[in-house]
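Put together the whole structure using the sequences plus the hints.
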Amino acid sequence: MRVGVFICHCGSNIAGTVDVARAAAELRKVPGVAFATNYMYTCSEPGQDEIKQAIKRENLDRIVVAACSPRMHELTFRRTIEKAGLNRYFLEMANIREHISWVGLDKEANTIKAIETIKMAVAKVMQNKPLYSSSFKINKRVLVIGGGVAGMQAALDCGDGGLEVVLVEKSPSVGGMMARLDKTFPTIDCSICILGPKMVDVAQHDKIKLYAYSEIEDIKGYVGNYEVKIRKKATYVDWTKCTGCGLCMEKCPSKNSYDYFNFGVAPTKAINIPFPQAIPKKAKIDPDFCRQFTKGKCGVCAKICPTGAINYEMQDEIVTEEVGAIVVASGYGLIDMDKFPEYGGGRYPDVITGIQYERLLNASGPTEGHIVRPSDHTEPKTVVFVSCAGSRDKSLGIPYCSNFCCMYIAKQAILTKDHIPDSQSYVFYMDIRSPGKGYDEFTRRAQEDYGAKYVRGRVSRIYPKGKKLVVVGADTLLGTQVEVEADLVVLATAVTAAPGAAQLAEKLHISYDTFGFYVESHPKLRPVETNTSGVFLAGAAQGPKDIPASVGQGSAAAAKVLALFSKDMLESDPAVAKVNENTCVGCLKCKLTCPFGAIQEKELRGGKIVASVIETVCAGCGVCTSTCPCGAIQLSHFTDNQLLAEVNAICQK
Amino acid sequence: MSEVGPKELRIVGFLCNWCSYGGADTAGVSRFKQPTDLRIIRVPCSGRVDPLFVVKALLNGADGVLVSGCHPRDCHYSDGNFYARRRLEMLKRLLPFLGIDDKRFHYTWISASEGQRWQQTVTDFTKQIHKLGPLHSGKEAQQ
Amino acid sequence: MASNKNPYIPELVTITNIIEETPNIKSFQVVFNDPERMKTFKFEPGQVGQLSVFGVGESTFVINSPPTRMEYLQFSVMKAGEVTGALHELFPGDQMGLRAPLGNWFPYDMMKGKKILFIGGGIGLAPLRTLILYMLDNRGDYKDITIIYGARTPPDLCYKEDLKEWEARSDVNLILTVDTEYPGWDKRTGFVPTVLNEVAPSPDDTIAITCGPPIMIKFVLQNLAKLNFKDEDIITTLEARMKCGIGICGRCNLGSQYICKDGPVFSLAQLRDFPGVV
Amino acid sequence: MADTGFIPKEKWGAFIEGLAAKAQVWVPCLDGDVVIFKPYSKDQTLCFERPANSPPKGVIFPQSDTLFAFNFSKDPENPQKVMVELEEKLDFPKTIIFGSRPCDAKGFLIYDRPYMQTDTPDPYYKGRREQTAIVTMSCQSTYAGCFCTAVGGGPADKEGSDVLITELDNGYFIEAITDKGKEILQQAAAESGAGHEAEALKKQEAVRARVKDPFCANGKPEISKDLFESDEFWEEELSKCVSCGACTYLCPTCYCFNITDETTFEKGERIRSWDGCMYNHFTLEASGHNPRPTKFQRFKNRVGHKFLFYPEKYNGVIACCGCGRCIRFCPMSVDISEIVSKLQKQTGSASNGK
Amino acid sequence: MSLDKLKQIITDVMKEVDVVIGYKQGFDPLHATPCFITKPEQVDQVIWNPLCVQNLASYLTSLKKKVGVIVKGCDSRTIVQFMQEGLIDRSKVVVIGIPCTGVVSVRKVLEKVKHEPIEEVKFSDDGMVIVKTPSGETKMALSEVAPDKCETCQYPTPVLYDHLAGEPITSTKDPQSVFKDIEEFDKKSLEEKKAYWEKEFDRCIRCYACRNACPMCVCQDSCIAESREPHWVSQKSNLTEKMMFHMIHALHLAGRCVECGECERACPMGIPVNKLKRKINSDMKVLFGYEPGVKPEDKPPMFTFSVEEKNIEEHKL
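Residue numbers (this note's numbering), protein chains in the order written: chain Z, 1 to 653; chain G, 1001 to 1143; chain L, 2001 to 2278; chain E, 3001 to 3354; chain D, 4001 to 4317.
If you're looking for bench data, these hints aren't it; they were derived computationally from the structure. All values derive from a computational prediction rather than experimental measurement. Glycine included, each C-beta is placed from N, C-alpha and C at the ideal position. Treat the hints with care, as some may be off.
[Unchecked claim] Partial list, computed: chain G residues near chain D (C-beta under 10 Å):
{"no.": "1", "residue": "V1029"}
{"no.": "2", "residue": "L1052"}
{"no.": "3", "residue": "P1072"}
[Claimed, not checked] Take a look, some chain G residues computed to stay more than 10 Å from chain Z by CB distance:
{"no.": "4", "residue": "R1042"}
{"no.": "5", "residue": "D1074"}
{"no.": "6", "residue": "E1089"}
{"no.": "7", "residue": "P1096"}
{"no.": "8", "residue": "D1101"}
{"no.": "9", "residue": "K1103"}
{"no.": "10", "residue": "Q1120"}
{"no.": "11", "residue": "H1130"}
{"no.": "12", "residue": "H1136"}
Shown next as structure tokens:
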């Protein structure tokens, strides 16, 4: 065996705190290491060329690259050595940057740690076996989860690219948050006017199959071959018959249903079509409020429906779809008002959230675009906007910025002036975040052209005083206490992960951060991929984003799916479990523990029962290997002997 | 290997690729300084960590072993860490029966985003092992 | 082996050349690190050696170069287990250990003046090769030499250079076969025992020497009997898991005989004495 | 030979301690409720009342033994070239096995033939053997399963021992059998043994009479090859065997071993360790083929080796010393003496199995 | 229980199976040995008394035939565990249960009679064992020379059987006492415990009798103690490697050991091999409320999990 070791300086990132030359010299002493060198930037093209040349020149058959995290560049170097004729699994990386040079202060200790870490990699690589992928067919259908603007964009782009798309939306209509907005910044164009056509496109696209009011029940399989179970929630209205005429909604006697679409700004009927532009434009009964369900009698809608679409007996239905890739665009949520007792915590009707204010501004909203106070339906003259309601507040567990509040507050201040010319807006802000194209100009316009008064400081308290609300805050620029008597207070509540985001992530086997936002493969270079092959991210599910960014990510995810599907066959990851049929005793404990059902029973000639791995289903976790008492099932590339080689390299009494 | 610095003890870490190894990377990217004793072995999943690896390390010269995986429910392979939790808990309870302080073995859950938690864990565990001192006295290096 | 020497200590050898015989068989040509030893080393055709990959272990292989050609010693290794796997990872210039010669050898003196029939399959040609080359180097001592050799497919045939040379010689009758049709193969097809029947060599004044996979040997022996070969005139070499190579460690015995020391070469007549072997 | 002596009971301890001053002395010690040979030290509890659970064969043939160490080194000028250096260790200390039984001592004679009396003697065995004196205690009783007289031995058999000691009512009668034994006797500063010989002989004979002889063949049982080759016989006799191999490790005459390389990263050792023919892996080949795949075949080989093959090779000497450990400690109580007696050539008609 | 009844059951069972495994007299009066009955005339060899110590269920996994097997209460748990793990085809096993009032530890008896040759062993109705040696008769209570497992036996009647030879008996032993010895031992200091195990394991000769005698060691010939792929233990005979082997043995039996004690009984060096496994069992009980070999429908805890583990707390540093 002739191992080549390449130790990267990573500029001064590694070489600054690790003596790379000494490490190379030490490694040269190791039996089996035929070549060891240090190099400025191993991942650079000349660096990779050096590896390729050394493989040829020095007749190397195994390579260790000591550099950054394998999560960063393992694939890069695997390709490098493959180009030089070695099997890609003859590569090991020693992570001497993230785990050593960046975290240790003592150069001597770092250097020793690096040498040992590289030796562990050498010990392991000497145990590595060549592995070969096999190819398998892919199902060129894509599942898009979430029918907001990001999801729709992804669905449309995939559909236009010729793929069959299954679009699953939790609520009764597609459109998401954007459908609720009145105007969009910084252009002040009508939100639904630009979104509506997209929604119609989705409905009419012959490649897109829409499941509205549906949720993901279960996902099995792997990239190229997922089996998705979708729960179609009972609407109690047969949508094949419903024409969306709205008669039922008109006649429904139950008038105090919570209006999810309008965030409860005003009540709706127990049977309703969420908004005029809804896609699909179908009615749905809310059994929590419908008298037929709560009181057991009513039946008005059933009587009145011209097509006889009402079905009180309807049950949830599970349908199965097979797809090859998944785009997750499940959107975001908002923090509850009750997290802000100092702002009234939902007790003062005239303290509302930004999205509720959007609905008040909107011509198709409950007030038909008239701004009125929820308490007394009078027009407010003084409106206070509170930014960062929850955002950047560690005490609430939300240290991050919600990204787009600064911009929509400016927009809402402008629109307030448009609607009520004699009104005065105050904006309490911490910082104005307006880095987008035309954004900063927009916030200036709100102040300069529309007279919104921006006060830099936090609002400490809001309390009612007669019909007014006193907003108490600090002006940190002037260093004074400020009190504004407001008619209406709008809180820019913090953006959170969508409700149920964690459960969905578990079904998808993707990771999410502390806040419930999905984690991308790489924050810069792989922003729409996840660590689960075949699952992509779009929109605010990954983190708070505004419309252009969400749309951009939707398209990006679609491009990733199209690229993935540009091949007819996919290559399987060969780092899967393998059974040694000579030593397997057929106890099948591995079958009990495999999380993926990837292990089958197999009868050999002569009747011996052994375990057998379905390679494409095996995800490579290795639970079977640590279950198998006789070491007969080994996860390739992480076999017992490979890990023992690493242990033995550092544990020698 | 002979290069263990005089002040260092031998600590072996088994980290799952998707969460904890990533968490250690995150700590690195954030330059969260840590003691240097730990040597990291990357495994795909904490469920891959046969408790015997821990035993092997402890019997053969390690002074402490740390296993870290994804938080329960967040396993990249959905259930791997659930199995790990049972097996490692069993081992943790067995070690003192053999006369090995169970403080020498720690298993925990650290996600890819928890760089700071990783730093804290490494620092605290290393301190703990130093408090216990070396597991193997010289006389044990017998044949 | 000299009795005053520690029989467990291998002598160090260096690989000078590696030939890829088939996709899973490599031949290693080695020389002793001590050039003097190369001159004093003596062995007989059929004797075996234990090759060491230090850190992995030892495995037994026949020395398949003949004692008449001492530029190097050649061993052919089929990749099967840990040691053979490690051997396949070696490069020219790498060091190995060698304990040789071990065991008995082909009774070539007894074969003098006779017709010789070699029947080999797959890597089973290795032990025959040393004797074939020895006989070719002493061609005058033997009468007709017939070699029946087969493998699964043409790429699985070992010693392709030798085969070419033997084919070209007029004093060797080489019959090659592969199990089934194969693109570009214009010679015989069929299993070795079947080809043996087709060729139907005369048993008169003939010694048959066979080596190959157990199933092949089984049918070759049957067919030789049908061709009226006498048990004493049928010679084969056996294989077993060996460790010590000096008849102590206990695993390679057939009754009271140890393959590593008393074998590996046995006549069928001898094997008949070991119940359950034939 | 009149090289005898007598040690009164009260000087017994001093005698052993005296030996321990000049050589490494292995004595049977009580450890928990088992007796094993350990290097002598004052804080051990010596136990001569019954044979040790495991024979003293490990003293001369250690359970694992380094054949040689190998060190890799590299030419700093040419990191591609790995050099190997082999290092053997062949100096062995002067040793006494004290308190073995006649059967244990005889075991070493079984070893001697393949290990020393060949053209390739085993230097590790030979080295230790030559440095070791064997001081045997004659048996005062019989023990579960033992049958030494049936295989040509006896509870006071001298074969293989350098010294034979017989415990008397108030002391120990010592007979030096070899030159090594005489040396030990000299060291013992013993009283004259002359007056004690008769008592010793009487004691020895009394025990001898009690030893069972399942073969009744004057110590030379002969096995019927027909029955030996019968698969049914072995299946019937061996169904209860769990193929554990404890019998081989406890057997004073079982001498099979394994050779493996055990290596750490940069250096390693080739070691020789006990192995046994009862293990499946013993003959398992890399291809997965196993010439002795079942416990029946393996046990057959074990019996065959002791009662057929070894005698065939070495002048009829049976490779069993009748210590009975394999019977005594067999978890399933498999009785080799019963099996061999069934296998014996019978004058009458065929017995079991066929 | 009458021996005649047992023989009658065996005779009946033989009609539906290929072999019945029972006990017969062994090589001396103190030893019983398993017998494999295939012919009616062999039924008469069968014995039943406290010398019948072996766990005959051990043979079930390796026999391909239809088998009748005699089990004591403790042995029956082996069969239940086999069922939990899907290792036997229950329809091919006929279980002949014997309510058991305790067996002897051969080792303890020998200790009592100073390892003298045994001439005769008798059992009296009042629970005494009478052992005759050349120096006379020694009388001892069965409870005095019973193996440790009998002292806390909870299942004198097999937990599962097709035929029961005798009337069921219920345990009089305190269920809380089962792991008392383990709890006591665990209270010792780390140093004491370490020294204890070092002394015990040092005696190990790595003969693997404990493994081969263990009914739950399903790997047998494929045991990783002897393999190089994977290479968990070296063949060196030092304390580290011996410990490693015993840890492999114990951990592979985690939550599976039915405490039949065969490992300990088989050990020729008297190593308390079962102790580690019993320690794990005591934890299995605490953590998962699981006891091996009791309910056929249970799942061994190491091969399953709960999303919320009620009894596992996260460890803080």
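*Status of the hint placing G/P1072 at chain D (closest C-beta pair under 10 Å)*: holds (7 Å)
*Does G/R1042 sit more than 10 Å from chain Z, CB to CB?*
With a cut-off of 10 Å, G/R1042 comes too close to chain Z, as the shortest Cβ separation is near 7 Å.
*So, G/V1029 near chain D? Judge it on the closest CB pair being under 10 Å.*
Violated: closest Cβ of chain D sits about 23 Å from G/V1029, beyond 10 Å.
_A cut-off of 10 Å on Cβ-Cβ distance, and G/E1089 was said to be off the interface with chain Z. Does that hold?_
Label holds. Min Cβ-Cβ 14 Å, cutoff 10 Å.
*Restraint check, 10 Å cut-off on beta carbons, for G/L1052 near chain D*: Where the cut-off is 10 Å and the nearest Cβ of chain D is about 6 Å from G/L1052, the hint holds.
_Least C-beta distance between G/D1101 and chain Z, which was stated to exceed 10 Å_ = About 17 Å separates G/D1101 from the closest Cβ of chain Z, which puts it past 10 Å; holds.
*So is G/P1096 really clear of chain Z, every C-beta pair being over 10 Å apart?*
Consistent with the label, G/P1096 stays out of reach of chain Z, its closest Cβ about 20 Å off (over 10 Å).
*10 Å cut-off, C-beta based - G/K1103 kept clear of every residue in chain Z*: holds (18 Å)
*Per the stated criterion, does the least C-beta distance between G/H1130 and chain Z lie above 10 Å, as a non-interface residue requires?*
holds (14 Å)
*Would you check whether the claim that G/D1074 is not at the interface survives, using Cβ distances to chain Z and the 10 Å cut-off?*
violated (6 Å)
*Is the nearest Cβ of chain Z still more than 10 Å from the Cβ of G/Q1120?*
holds (13 Å)
*Does the no-contact call for G/H1136 survive, Cβ to all of chain Z over 10 Å?*
Given that some Cβ of chain Z is not farther than 10 Å from that of G/H1136, nearest at about 5 Å, it is violated.
Hints 1, 4, 5, 12 from the list above are not met by this structure, while the remaining hints are.
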